[in-house]
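What follows is the residue order along each chain.
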Amino acid sequence: MLRVENLHVSYGAVKAIKGISLKVNDGEIVSLIGANGAGKTTVLHTITGLVQPEDGIIEYNEINLQAVAPNKIVTLGLAHVPEGRHVFTQMTVTENLLMGAHYRKDRNKIEGDLEVVYESFPRLKERSRQFAGTLSGGEQQMLAMGRAMMSKPKLVVMDEPSMGLSPLLVKEVFNIIKTMHDNGITVLLVEQNAKMALSISDRAYVLETGKITMSGNASDLLLDERIKKAYLGA
Amino acid sequence: MSGSLQTLSDFLQCLIVGLRLGSVYALVALGYTMVYGIIRLINFAHGDFIMVGGYTLFFTIPAMLAVNDKLPIWLAVIVAIAVCALVGVTVELVAYRPVRKKGTNMTALITAIAMSLFLENLAQAIPAIGPNYKIMRRMFSNKAVLNFLNISLDWTTLLTILIGASVMIGLQLFVKKTKLGRAMRAVSEDKQASVLVGINVNRTIIITFAIGSGLAAVAALMYFAQYSTIMTTSGTMLGLKAFVAAVLGGIGIIPGAMLGGLVIGLVESFTTGYISSSLADAFVFLILIIVLIIKPAGILGKNVGEKV
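Here the protein sequences come in this chain order: Y and X. First residue of the first sequence? That's 11 in this note's numbering, and the numbers climb one at a time after it. First residue of the second sequence? That's 1187 in this note's numbering, and the numbers climb one at a time after it.
Source of the hints: derived by calculation from the structure; they are not laboratory data. One or more hints might be untrue.
Just some of the chain Y residues that point at chain X, by a computed CB distance under 8 Å [as the list claims (entries may be wrong)]:
1) Thr-58
2) Val-84
3) Met-101
For each residue, glycine too, the CB sits at the ideal point set by N, CA and C.
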């Protein structure tokens, strides 16, 4: 579904990504784990067009994403839940969710999808008329995920959804990811919380200073001694 | 007439004049605030868009009446709105956008000042305009609508207030209720998230410039209906005071611009009426300084630090 080949990204003189390749198959949950500054966010930003690569191929369902305008990528069914949520704080919860459906032309279906999202996130429904800026971190994360769902995605890339959340909320967020996956959405997940990420993933890649150093089945990586030592704190 | 009645009518007269002035300031302030909201740039050329709108009316109205003297004035206003919107969008495309891509906020600000001077001098260089002032044709009737208790309310004043109010209500509904209005708010808050939900950011910025500049044309109609002389620097002081209004209300906040505009208009009118007309401008800036000391983000602004 998604294929990244030999990707190179630089910020000025700094090489952030040094030739990585990865793929996400239809129906999978794939994690990209690694420490702070390894380049995880850069990979996602490059996939959804926020950053231009120096070199490499990014293909989504056989479409060359570099030839697609960044704001058109969501229309292909590829949604991005950014790091730090990036909800529209001066808009209400409902308006934020409607922004997720901004590109859609099937206006008569949007109302129904809004109800579906509110069923998955009852807490958002309670706060539907509140400004998003007044929500807690966990609620904002749910709103960012709900906004992505409103775009009717086939593939969602998620950047550090657990960041800054309490352990209880982290669990809730991961449950939501699983539910989205059960509803047929493919997920590429970037996480520092390697244990949680690996526990729900099919496969994973380990990114270290711009290079992929390990990859494989998530269940195998969970047992790998090096991973345990570096990322699982065991 | 008894003294207290006279006091009341003086007060009401100042109120009416203040609302008229305030409507003009508010519409111009909206142009500053919308553009600032979306690209964080103080568009110093905005005052000159009023001048462009004014000259467009100056030339269009006689031309139109020459064709058919039954044609209504608002047709000329539509032409002025179109010309101002076009000038605004051109300035954005030719000057601001390229500078924004390469430069800093400071270079963009200097570019805006340059555009202001450029437009003024370009207008002067056009032979039909030149450096001397011209007299605008009367646009609305100066007949009194009402003459009661020594209060005079003429059609120009009434129409100015009504046009101002309806434009402001319309704009607020547009920004709050329409899809395009939501996109504008989204882009002004978070460009990255806007791209991710599929908004064409550059197009939204252009539309914002078109609307903000179009409002300057409406403001030109309201302003020059009252003060009939026009010259190439006509927009400068008006623009400056409207900028003060936008900052006073909280720059980047649409209701703030409306409120700030009305406050400035009322302060000016009451100072003129009760103290001295020569102190009116001084009071306007005094109010600005006081508000900024007490509430640096403006009346409706929220005092928040930069998000990190």
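Hints, one by one, checked against the model:
1. Thr-58: With a minimum Cβ separation of about 7 Å from chain X (threshold 8 Å), the hint on Thr-58(Y) holds.
2. Val-84: OK, holds: Val-84(Y) within 8 Å of chain X, min 4 Å.
3. Met-101: Check passed: Cβ of Met-101(Y) comes within 6 Å of chain X, closer than 8 Å.
In terms of the numbered hints stated before, the structure departs from none.
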